[in-house]
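Novice: Fit chain B to the given chain A structure using the hints.
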Amino acid sequence: MATRVIAVINQKGGAGKTTLSMNLAAGLSQRGDTLVLDLDPQGSSRQWASLGNAPFPATVKQVGGNKWDAKTLHQNYKAYAYLVLDCPPSIDSHASLQALRACDLALIPVLPSPIDLWASLRLPQEIEEARKINKRLQARLVLNQLEPKSALSAAMHDAIAEFGIKVLDTGIRRRAVYRSAALEGVSVYQMGSRGKDAVAEIEAIINEVIGK
Amino acid sequence: MTRLKDKLSASVRQAKAAQQTNAKPAARKSAPAKATSRPATKKPPAKKATARQVTRPQPAPAKAAPAQAKPAVSVSAPKVSSSTVSPLYPNRVWPD
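As given, the protein sequences belong to chains A and B, one line each in that order. Take 462 as the starting number for the first sequence in our numbering and just add one per residue. Take 17 as the starting number for the second sequence in our numbering and just add one per residue.
So that you can see chain A by itself, here it is in the shape it has in the complex (with noise of 0.2 Å):
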């Protein structure tokens, strides 16, 4: 089977990137081999993996420099089944090229925040660029840190239909469980009872993007 590629992406910081790769990761794990190469200079995910007592579910790499390219990834890691990769917070960078240039899929993580998305709107003409390259790529916004009472997330869903991507049907939820998991070095799937929300938002995002 060939390596299934997804790219973690978004030019703005905060957006939600490491959160959503490190889950991600940790639920393709119970599918196939699952590696998380952290492409960002912060090391995010690196560090995150390296809390904790029990190791994460997913391999965590980090992957620094620009002596790498979208070829080098595909033959350096063709054994894993999935690879997650986390970007950095900047679609100018060497990482985030090559990361669309890699990918079978672009999830792009956004706030309900008008700033986000007035923030993220370059990134589909960049998708567009890489696609001349990269005839596969597929790109998914997910709303990230939805509040279900707050009518700015409800008005998100039809404000990023602006984008020309295709928004997941499933957005994640503002939950301080995400953050506890990063704490505790585990993702959500490692938080018992109280990670079970989260575990079926980020099972259902699989789903979408992967199938059953």
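Because the hints were derived from the structure by calculation, they are not lab data. Please read all numbers here as calculations on a predicted model, not as lab measurements. Incorrect hints may have been included.
[Said to hold, decoys possible] Facing chain A, from chain B, some residues (calculated, C-beta under 10 Å):
| no. | residue |
| --- | --- |
| 1 | Leu-20 |
| 2 | Lys-21 |
| 3 | Asp-22 |
| 4 | Ala-26 |
| 5 | Ser-27 |
| 6 | Val-28 |
| 7 | Arg-29 |
| 8 | Gln-30 |
| 9 | Lys-32 |
[Said to hold, decoys possible] For the chain A half of the interface with chain B, some residues (derived, Cβ under 10 Å), not all of them:
| no. | residue |
| --- | --- |
| 10 | Ser-511 |
| 11 | Ala-540 |
| 12 | Trp-579 |
| 13 | Leu-582 |
| 14 | Arg-583 |
| 15 | Pro-609 |
| 16 | Met-617 |
| 17 | Asp-619 |
| 18 | Ala-620 |
| 19 | Glu-623 |
| 20 | Phe-624 |
All residues carry an ideal CB built from backbone N, CA and C; glycine is no exception.
Specialist: Using the frame of chain A, we list chain B on its own:
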């Protein structure tokens, strides 16, 4: 709720348009650089100047104020309080 949706959608469209405008740098080299991509807010129409506003020769300010810092609307009380100023001959002070 509908209003919020519309407002949010409109803001995205506006930001998108501004982004596309900014993505065409070649033809705009000679144009002065804009501080932000936000469209300039429409200035209110200038008030019709009163005789006092137009004609009163103002003392030179100690420091040059920024261009838009203050509109030249407020003028302190006339120094020549016992005189009237003609709108036709602004530099002339006519005795009462």
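Novice: Against each hint, give a clear statement of whether it holds in the structure.
Specialist: Hints versus structure:
1. Leu-20: The hint holds - B:Leu-20 has a Cβ within 10 Å of chain A, the shortest such distance being about 5 Å.
2. Lys-21: Result: holds, 4 Å to nearest chain A Cβ.
3. Asp-22: Constraint on B:Asp-22 satisfied, holds at 9 Å.
4. Ala-26: Holds. Min distance 9 Å.
5. Ser-27: holds, 5 Å
6. Val-28: holds, 4 Å
7. Arg-29: holds, 6 Å
8. Gln-30: holds, 9 Å
9. Lys-32: For B:Lys-32, the interface hint holds, since the closest Cβ of chain A sits about 6 Å away, which is under 10 Å.
10. Ser-511: violated, 38 Å
11. Ala-540: It is violated, given that the least Cβ distance between A:Ala-540 and chain B is near 41 Å, above 10 Å.
12. Trp-579: holds, 4 Å
13. Leu-582: Where the cut-off is 10 Å and the nearest Cβ of chain B is about 6 Å from A:Leu-582, the hint holds.
14. Arg-583: OK, holds: A:Arg-583 within 10 Å of chain B, min 7 Å.
15. Pro-609: With a minimum Cβ separation of about 14 Å from chain B (threshold 10 Å), the hint on A:Pro-609 is violated.
16. Met-617: At about 7 Å, which falls below the 10 Å cut-off, the nearest Cβ of chain B leaves the hint on A:Met-617 intact, so it holds.
17. Asp-619: Given a least distance of 5 Å, the restraint on A:Asp-619 holds.
18. Ala-620: holds, 4 Å
19. Glu-623: Hint holds; A:Glu-623 Cβ to chain B Cβ min 4 Å, cut 10 Å.
20. Phe-624: Hint on A:Phe-624: holds, closest Cβ of chain B at ~8 Å, below 10 Å.
Violation of the numbered hints given earlier is confined to hints 10, 11 and 15; the remaining hints are satisfied by the structure.
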